[in-house]
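The listed protein sequences correspond, in order, to chains E and G. Residue numbers in the first sequence follow the working numbering, run continuously in steps of one, and reach 900 at the last position. Residue numbers in the second sequence follow the working numbering, run continuously in steps of one, and reach 900 at the last position.
The set of hints was computed from the structure by calculation and includes no laboratory data. Be a bit skeptical, because a hint or two may be false.
With a straight-line Cα cutoff of 20 Å, these simulated DMTMM-like cross-link-like pairs (lysine to aspartate or glutamate) come out [said to hold, decoys possible]: (1) G:K818 to E:E209; (2) E:K818 to G:E743; (3) E:K818 to G:E700; (4) E:K504 to E:D277; (5) E:K818 to G:D763; (6) G:K818 to E:E38; (7) E:K323 to E:D277; (8) G:K818 to E:E656; (9) G:K719 to G:D780; (10) G:K874 to G:D780; (11) E:K544 to E:E569; (12) G:K384 to G:E340; (13) E:K217 to E:D276; (14) G:K657 to G:D594.
Some but not every residue of chain E turned toward chain G, in silico, with C-beta under 8 Å [stated by the list, open to error]: (15) R294; (16) F295; (17) Y343; (18) P685; (19) M686; (20) M801; (21) D806; (22) I816; (23) N817.
Rough simulated footprint, nothing fancy, chain G against chain E, three-plus residues with beta-carbon under 8 Å [stated by the list, open to error]: (24) 148-155; (25) 219-233; (26) 828-839.
Since the model is a prediction, treat every value here as computed from it, not as a measurement. Glycine residues also receive a C-beta, built at the ideal position from the N, C-alpha and C atoms.
Protein chains: 2
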Amino acid sequence: MKKQKLIYYFGSQATEGNRDMRELLGGKGANLAEMTSIGLPVPPGFTITTACCADYHAAGKKLTKSLIEDVHRNMQRLEKESGKMFGSSENPLLVSVRSGAAVSMPGMMDTVLNLGLNDRTVRGLARLTGNERFALDAYRRLINMYGDVVMGIEHHHFETAFDRIKKQYKVSRDTDLDTDGLGDLLEAYKAIYKKHTRKPFPQDPYKQLQLAIEAVFRSWNIPRAIAYRRINAIQGLLGTAVNVQSMVFGNMGDDSGTGVAFTRDPATGQNRFYGEFLINAQGEDVVAGIRTPLPVMDMKKWQPAIYRQLLQVKHTLETHYLDMQDIEFTIERGRLFILQTRTGKRTGQAAVKIAVDLVREKKISRATALLRVPANDLNQLLLPSFDPAAKRTVLTTGLPASPGAASGYPVFTADEADARAADGESVILVRRDTSPEDIHGMHAAAGILTSTGGSTSHAAVVARGWGKCCVAGASELNIDDKRKRIRVNGVTITGKDMLSIDGTSGEILMGEVSKSPPVFTKEFKTLMKWADGKRKLRVRTNADTTEDAEVARQFGAEGIGLCRTEHMFFGDDRIMAMRRMILADNPQDRRQALKKLLPFQRRDFYGLFNAMKGLPVTIRLLDPPLHEFLPRDEKTMGELARIMKVPVTAVRNRVNQLHESNPMMGHRGCRLSITYPEILEMQVRAIVEAAIDCRRKRIDARPEIMIPLIGLARELALLREQVIAIIADIRREKRYRGKLDIPVGTMIEVPSAALTADQIAGHADFFSFGTNDLTQMTMGYSRDDIGSFIPEYINKGLLNNNPFQTIDGGGVAILVEMAITGGRSKKPGLKCGICGEHGGDPESIAFFQKAKLDYISCSPFRVPVARLAAAQAKLLDE
Amino acid sequence: MKKQKLIYYFGSQATEGNRDMRELLGGKGANLAEMTSIGLPVPPGFTITTACCADYHAAGKKLTKSLIEDVHRNMQRLEKESGKMFGSSENPLLVSVRSGAAVSMPGMMDTVLNLGLNDRTVRGLARLTGNERFALDAYRRLINMYGDVVMGIEHHHFETAFDRIKKQYKVSRDTDLDTDGLGDLLEAYKAIYKKHTRKPFPQDPYKQLQLAIEAVFRSWNIPRAIAYRRINAIQGLLGTAVNVQSMVFGNMGDDSGTGVAFTRDPATGQNRFYGEFLINAQGEDVVAGIRTPLPVMDMKKWQPAIYRQLLQVKHTLETHYLDMQDIEFTIERGRLFILQTRTGKRTGQAAVKIAVDLVREKKISRATALLRVPANDLNQLLLPSFDPAAKRTVLTTGLPASPGAASGYPVFTADEADARAADGESVILVRRDTSPEDIHGMHAAAGILTSTGGSTSHAAVVARGWGKCCVAGASELNIDDKRKRIRVNGVTITGKDMLSIDGTSGEILMGEVSKSPPVFTKEFKTLMKWADGKRKLRVRTNADTTEDAEVARQFGAEGIGLCRTEHMFFGDDRIMAMRRMILADNPQDRRQALKKLLPFQRRDFYGLFNAMKGLPVTIRLLDPPLHEFLPRDEKTMGELARIMKVPVTAVRNRVNQLHESNPMMGHRGCRLSITYPEILEMQVRAIVEAAIDCRRKRIDARPEIMIPLIGLARELALLREQVIAIIADIRREKRYRGKLDIPVGTMIEVPSAALTADQIAGHADFFSFGTNDLTQMTMGYSRDDIGSFIPEYINKGLLNNNPFQTIDGGGVAILVEMAITGGRSKKPGLKCGICGEHGGDPESIAFFQKAKLDYISCSPFRVPVARLAAAQAKLLDE
C-alpha cells in the first residue's frame with residue numbers, strides 16, 4: 023500500500039496541490055495552492071489533509087507520529103523559503119493556523135494568527151520591526167485568540183482585563199494603550215490563561231502549533247458542526263483540513279503596506295485597475311477606515327516596481343480565472359504578497375459590461391457570459407438607486423421587498439398620501455401593513471414602508487408590480503399613526519422629517535439621499551439579445567393596468583400571464599358599486615350593481631388588449647374574499663351606510679357575516695363564481711365585449727380566461743361550461759362571426775388540483791401555477807404570518823430559503839411536477855405556465871425550466887431578470 | 023338481427039322482467055317486476071325500456087310506430103287482467119305514468135296519476151265508486167298534474183284558480199269544496215289548460231298516454247338532467263324507462279282501505295307484525311295524519327282473510343329479501359294490492375337485533391349481519407335519546423354535531439354555565455361559537471348549542487370527544503348574550519325557558535322533552551364480538567383525560583391514538599402558568615413558568631397511562647397557536663395584567679403580536695417546539711417521568727410521542743434528536759434502567775409531509791394522519807369558514823359529502839396513499855394510523871382499510887361505530 027501523503031506544501035520550493043483537490047485540502051487549501059502555482063507571490067505554507075483529521079478521530083484524538091514529523095519537515099521548508107526561523111528571537115517565523123473543509127461550515131474553529139510568538143521571540147519581532155508596541159500587540163492578540171479558540175477560554179475574561187487596564191492607564195481606545203500598558207496586559211492575559219487551563223501559556227512554538235492543529239481537528243466533531251452536517255445532509259466528508267501559512271506584515275515600516283484592488287472597475291465594469299492601499303499598515307486598518315487610503319495608481323510614484331508587479335498579477339489572474347478578481351495584497355519590506363484572490367463583487371451594470379467585454383476579448387463564450395451575470399442584479403440597471411458615494415445614516419433595516427430608492431415625508435394613511443402627493447410633495451407611506459383599501463395611497467407614494475409582513479406581503483407584491491420601492495417588515499419601527507410619528511432606536515421621526523428607503527438593501531435612512539438614474543447600456547441590450555436567443559421559457563408579465571402592460575412590453579414581456587381583476591374594483595368610482603353588489607341580499611340587486619361595474623371592466627380590458635395586441639392576455643376572474651372590499655372600522659362602515667342609504671347594522675352584519683377565521687382558505691376564488699354566478703357572468707361579458715370591440719377595430723386582442731382556486735375537476739367543468747355559454751351568447755347578441763378563440767384555463771394553486779390534474783386537464787385549455795397559494799397550502803405557511811418562525815427556520819438550516827421567494831424543492835416542487843405530468847397525460851402538450859411571485863426568481867426559474875413549463879410570468883420590472891434567468895436555466899439544463 | 027323487446031309486462035298474465043334488469047327497465051321497473059314475480063299482488067302494468075328512450079331521441083323525438091303498437095298491445099293485456107277498459111265510461115281503467123332510470127336522478131319528469139279520465143270516464147268512475155266527489159277530485163288532479171308535468175304549465179296558475187273558487191264557495195280547505203265547486207274548478211282548469219297549450223285537454227286516453235310517455239322521454243335530455251349526469255360523471259346510460267301501471271284506490275268504500283306495515287318492529291327489532299291502516303282512504307290520508315289510523319292487528323277483525331294474506335306477504339318478503347321490509351298496501355273492494363316494498367328504516371337498536379336474529383334464524387350469514395347494520399346507527403344505542411313518543415315543538419334545526427339528547431336552561435357564558443350547573447341546574451351553553459376558553463363551561467353544561475360553525479367546529483369536536491350532545495351552526499338563532507336571550511323564528515327564549523337539543527337530528531325543541539336511556543342489549547355485544555373477530559384495523563381513541571380514557575376502554579378502545587395535551591392547560595390552576603409562559607420574553611422566564619406546569623402534566627399522563635395500562639398512549643406535543651391561551655377582550659386582558667402584575671400594554675402587545683391572519687397555517691404545531699424548545703422539553707419530561715413512575719409501580723405504561731404539523735424531514739430530525747436526548751437525560755437523572763421504549767412519531771397533516779414521506783419516515787417510528795388539517799390544506803378549505811359555500815357545493819353535486827365528515831376521495835385520499843407508500847418504501851411495515859375526525863366515519867374507515875392503515879382513532883363514543891365499520895370495511899375489501 024502506497025503511503026498516503028499527509029501534507030501538501032505550497033511555496034516557491036514546490037506546490038503540491040491545486041484547485042481540484044477540495045475534498046482532500048479543503049476549499050481554502052486548494053485555492054492557496056492554485057494561486058501559488060500560477061505564479062502569484064503567496065506567503066508560503068502547507069495544508070494538512072482532511073484524511074489526517076479522520077485519522078486523528080479514528081486514533082482516539084491523537085496526532086500520529088508520522089504527521090508530527092511531517093509538520094516539522096514542512097515547517098523546515100517554510101523556514102528555508104522565508105529565511106526566518108520558527109522560535110528564533112532574531113528573525114522569528116510566525117504562522118497562522120486556519121481550518122478549511124471542502125464545504126464551508128459554520129461553527130468550526132476560527133483563525134489563530136501570530137503563532138510562534140513567545141516571551142523571547144516577541145523581543146526579536148520588536149527589534150526587527152523597530153516597533154515594540156506592534157510586537158507586544160501581536161503577542162497579546164495571539165494569547166487572546168489562542169486562549170479563546172484553541173483552549174476554549176471565554177472571550178469576556180480577556181475583555182474584562184483589557185477594560186481594567188485601559189481604565190488604569192486612563193485611555194479609552196485600545197490603540198491608545200502604550201507599551202507599558204501592553205506589558206501589563208500581557209501579564210494579565212497570561213494569568214487568565216493559566217487560571218483557566220491550569221498551565222502557563224506554551225512557550226514552545228511547536229507545542230503551540232500542535233495544540234492548534236488538534237483544536238482544528240476537534241472542532242470538526244463538536245455537536246453544532248455534527249448537527250449542521252446532519253441537517254444539511256452533508257455526507258461523505260473525511261474531516262477538515264488545516265492550513266498553516268507564514269505571516270506577513272504590511273506594518274513593518276515605510277517600505278511596507280497593504281491594500282485591496284479589483285482587476286476592473288466594480289461599479290461600472292470599465293477595464294481599468296482599481297483599488298486603494300495604505301503605507302505601513304495592516305489589513306484591518308484598511309477595513310477600519312481610520313486612515314484614508316491612497317488610490318492604487320499612486321503606487322506608481324511610491325514603489326514603481328511593485329506597481330508593475332501588481333499590473334502583471336492583474337493580467338495573470340484574469341487570464342487564469344477569466345473573470346474580474348478582487349485581491350488582497352501586502353507589501354512587507356518592499357516585497358509583494360498576494361493574500362487572497364476571489365471573484366470580485368460588482369454592480370449589476372458592471373456585471374453586464376464585464377461579461378459582454380470578456381466575450382469581445384474572446385476570453386469567454388456567450389454561454390459563459392450569460393451564466394456570469396447574476397440575473398437578480400439586472401434590477402439595479404432598471405431602477406433608480408442611491409448614489410453609492412452619498413452619506414447614509416441608517417435608522418434601521420427591514421426586508422428589501424421591492425427594489426429601488428425613494429425619499430419623501432412619512433405619511434400614515436392612504437388618504438394623506440394621496441392628498442400630500444397631489445400637493446406635489448414626495449411622500450413615503452408608512453403603515454403597519456397595507457390592504458387593498460390603501461391602493462390609491464400606495465400608488466401616490468414615492469415608496470412604501472411597513473413594520474410587519476414579508477417580501478410577499480400585500481405591500482411588497484403591489485409595489486413590485488409597479489416597480490415601486492418598498493421596504494417591509496421593519497419591525498423596529500414603532501409607528502404611532504394617531505400622533506403621526508415613528509420612533510425607532512431612540513429617534514423620533516415626524517411627518518416633517520424626510521426619510522429615504524432603499525428597496526435593494528432594506529435600509530431606512532434619515533433625510534434625503536441623492537439618487538442615480540437607471541442606465542440602459544448597449545451591453546445590456548446585447549446580453550438580453552443573447553438571452554432571448556437561448557431561452558425556451560416564454561416570459562410574460564403580471565399586469566393589471568395599461569401602464570403596467572406598456573412598461574412590461576418595453577422590457578420584453580411576451581404577453582400577460584396574470585391580470586388580477588380585483589385591483590380594478592378599487593377606483594373611487596367603482597368601489598361603491600362593488601360594495602353595493604356585496605351588500606345585496608339577492609341576485610337581482612347584485613346584477614344591478616354589477617351592471618354599473620361592467621363598463622369599467624370593459625374599458626380596462628380594452629386598454630390591456632390594445633397595449634398587448636398580438637400577445638396573449640390572461641385574465642383571472644375575481645379571486646379575493648369579498649370582505650376585502652368592505653371597510654373594517656365602525657366609522658367607515660357608518661359613512662358607507664349613509665352613502666348607500668342603508669342602516670349601519672346592515673353593513674356591520676354583512677361585514678361580520680363575511681368575517682373568516684382563515685380567509686386564505688375561505689370563500690374566494692372560483693368559490694365566489696359558484697355561489698354568485700352573476701359575478702362571473704359580468705366579468706366574462708366585459709372580456710368578450712372588449713375583445714369584440716378590439717377585433718372590429720382590427721386590434722388583435724387575444725384574451726385567455728383563467729379560473730382561480732380550482733380544487734375539483736367538477737368545479738372547472740361547471741364554470742367552463744358557463745363561460746363558454748356566455749361567450750356564445752355575446753357573440754350572438756353582438757352578431758360577431760369573426761375569429762375569437764378564448765382559451766379557458768385554470769390556476770393550479772390548491773394541492774388537490776395538482777393531485778387530480780389529469781381529471782382537471784379534461785376541462786382546461788391551459789394550466790397556470792399559482793405558486794404563492796400552492797406554497798401556502800402545501801407547506802401550511804400563511805405568508806402573512808411566517809415572520810414569527812421562518813427566520814429561525816432559516817437560521818437553523820431547516821429551510822434554505824424563504825419558500826415564498828424561491829420555490830420549495832420538496833413538496834411544492836413535487837406537486838408542480840405531478841400536475842404537469844398528470845395534465846399532459848390527459849392532454850399532451852397542455853400549455854403550462856406559472857404566475858406566482860416565483861416567476862421572477864432565478865433559482866425558481868431553473869426549476870421551471872427542468873419541469874418543462876411553457877412560460878413564466880412576473881412583475882413588469884422583473885421581466886429582464888426572468889429573460890436572463892430563463893436563458894441560464896436552459897444552459898444549465900442542457 | 024333479433025328484434026329488440028320494447029316493453030316488459032308485469033302482472034298475473036306474465037312477468038317479463040326482474041330485479042337484475044335495472045339498465046333496461048330502470049330501478050323502479052325492475053323492482054315492480056321482481057315483486058310481481060315473487061307472487062306479491064302488485065297492480066299490473068308494464069315498463070317501456072330505456073332503449074326506447076334512446077330510439078326516441080335518435081329518431082328526432084318521435085315515437086316509433088312499433089312502440090305505439092306495443093303500448094296498445096300491453097294496454098290490452100292490462101285491460102284483460104284488470105277487467106277494466108281504458109276509456110270506458112262503465113268500468114274505466116286508470117293508469118299512472120312514472121319515469122325511472124337505472125340511477126335515480128333529480129330533475130326528471132315526475133308522476134302522473136289517474137291517466138285515462140276524461141269528461142265521460144269521470145262519470146263512470148263516479149258511478150262505480152258511488153262517490154262523485156272522489157271522481158271529480160281525481161279528474162282535477164289529473165288535469166293539474168298533466169298540465170304541469172306533461173305540458174309545462176306553471177303550477178301557480180292552477181293554484182290561483184283553486185283559491186278563487188274556494189273563496190267563491192266560502193271554504194278554506196281543499197277537501198271542503200263540494201261537487202258543485204269541483205265542477206266549477208274542473209271548468210277553470212280546462213280553461214287554463216287550453217289557454218296555455220292552445221288546445222283543449224285531450225279527451226282521448228291514448229293521446230293522454232302517448233303525450234305522457236313522450237314527456238318522460240324528453241325529460242331525460244332537459245339541461246338540468248344533462249348537467250347532473252355530466253357533473254356526476256354518469257355515463258353509458260341509454261335513457262329513462264317509463265312505467266305504466268294500473269291505478270288502485272283504497273277509497274272506494276268500506277271494503278277498501280290503505281296502510282303501511284313493517285315486517286318487524288322498527289323501533290325494537292322484535293319479530294312482530296307492525297303497522298297501521300285506514301278504512302276507505304287513500305295513501306295520502308295516512309301520511310297527512312288527519313284521521314287516526316288503526317293498528318294493523320285490528321285488521322283481523324275487519325277483514326280476517328286480508329290479514330292472513332298480509333301475514334303471508336310478510337313471510338314471502340322476508341324469505342325473499344332476507345331483511346325487514348316496509349310495505350305500502352291498498353285494499354280496493356276487498357282485494358289486497360302491494361304498492362311498494364322496501365327495506366324498512368329502523369332504529370340502531372332494531373338494526374342490531376334484526377341482524378343478529380336473522381343469523382340465529384339461519385337466514386343470513388354473520389358477514390351479512392355485520393354489513394346490515396349501518397355503523398353510525400350504533401350511536402343511538404350508546405347515548406340517551408328523546409322518547410320517540412314525546413311531543414316535540416321544533417324551534418329550528420341546526421347541524422347534528424354530536425349525538426345525544428339534552429334539556430336545560432340556556433346560558434350564554436362559560437362562567438354562567440359553570441355557576442348554574444354547580445347550583446344543580448341543567449343548562450345548555452348557547453354561543454355564537456366556542457373557544458378553548460369555554461372548556462369549563464362546556465364541560466359543565468348538559469349540551470352545547472352554537473349558531474355558527476359546522477360539525478367539525480371546536481364545539482362539535484370537543485362535545486363528541488366527551489359524548490356530550492351538541493347542535494352547531496343553528497344559523498336562525500339570534501343570540502343576544504348581553505340581554506341573555508335568543509330570538510328564533512318569532513319566539514323569544516330567555517334564561518328561564520327550558521330548551522331541549524337533539525344531537526342526532528339537529529333539532530332545537532321548546533321545553534323539556536322526556537328521554538330514553540341508552541340500551542346495551544345482548545345482541546349488541548354479540549355483534550361487536552363478531553366485528554372484532556373480523557376486522558384488521560385496530561381501533562384507538564382520542565382522549566385527553568382519565569375519564570375519557572376509561573369510557574373509551576369500556577367501549578373497546580385498544581389504546582389512545584391522540585391525546586391533545588393543550589386541553590390540559592385550561593384548568594383554572596394551569597392557565598395562569600401557561601399565560602405567564604406565553605408572556606415571558608426570554609427562555610429563563612419561560613422555563614420558570616413551564617416548571618409550574620410540569621407537575622400537572624405529569625399527573626395527567628400518569629392517570630392516562632394507568633387507565634390504559636398495557637395499551638399504547640400516543641401523546642401529541644403542544645399544537646395550537648399560543649394566542650388561543652390568551653384572553654381576547656380588553657376587560658379580561660386588564661384582569662390578567664392585574665393578576666400577573668404586568669402593565670396591560672404588555673398583555674395587549676403580546677396578544678397583538680400573536681395575532682395571525684390565518685392562524686391555521688401559522689405559528690403552531692412543531693413550529694412552537696422549534697422556536698420554544700423549552701416547551702417540548704417540559705412536555706417530554708412530564709411524559710417520561712410519569713412513565714417511569716408507573717413502571718416503578720408495575721403499571722405497564724406505553725407512551726408514544728407524536729410531533730404535530732411536521733412539513734419537512736429536517737424538522738422531525740431536529741426534534742426527534744432533542745426528544746431522544748431528553749429521554750436519555752431523564753433516565754440518567756432518575757437512575758432508571760428498566761424497560762421503556764418510547765416510539766417517537768409524527769403526524770402527517772401538512773401536504774408537504776405526505777409528499778416527502780419517504781424522507782420523513784427515516785426519522786419516524788410511526789405516522790399518524792391528521793386528516794382534519796390535511797383536508798384543510800389539501801383542499802384549501804378552512805373548516806371554520808366552509809359554511810358559506812360547502813352547502814351549495816353539495817347541492818350542486820360538486821362534492822358528495824362534507825369532506826370534514828367523510829374523507830375526500832380525490833386529492834386527500836391520494837396524499838394518504840402516497841404517504842403510506844412513501845413511508846413504507848423507506849421503512850417497511852411502518853406503523854400508520856389516523857387520528858382525525860374521519861377515524862369515526864364508516865365511509866372513511868372503508869378507505870383506511872383499503873389504504874392498509876394499522877389503526878384508526880376516534881372519540882370514545884364512536885369506538886363501537888369504528889369497530890363495526892372496520893369489520894364492514896374488511897368484508898368489503900376482501
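Hints, verified against the model:
no.	hint	verdict
1	G:K818 to E:E209	violated, 87 Å
2	E:K818 to G:E743	holds, 14 Å
3	E:K818 to G:E700	holds, 16 Å
4	E:K504 to E:D277	violated, 63 Å
5	E:K818 to G:D763	violated, 29 Å
6	G:K818 to E:E38	violated, 77 Å
7	E:K323 to E:D277	holds, 13 Å
8	G:K818 to E:E656	violated, 37 Å
9	G:K719 to G:D780	violated, 39 Å
10	G:K874 to G:D780	holds, 17 Å
11	E:K544 to E:E569	violated, 25 Å
12	G:K384 to G:E340	holds, 12 Å
13	E:K217 to E:D276	violated, 40 Å
14	G:K657 to G:D594	holds, 18 Å
15	R294	violated, 47 Å
16	F295	violated, 46 Å
17	Y343	violated, 35 Å
18	P685	holds, 7 Å
19	M686	holds, 5 Å
20	M801	holds, 5 Å
21	D806	holds, 4 Å
22	I816	violated, 11 Å
23	N817	violated, 10 Å
24	148-155	violated (count 0)
25	219-233	violated (count 0)
26	828-839	holds (count 6)
Hint compliance for this structure: hints 1, 4, 5, 6, 8, 9, 11, 13, 15, 16, 17, 22, 23, 24, 25 are not met, and every other hint is.
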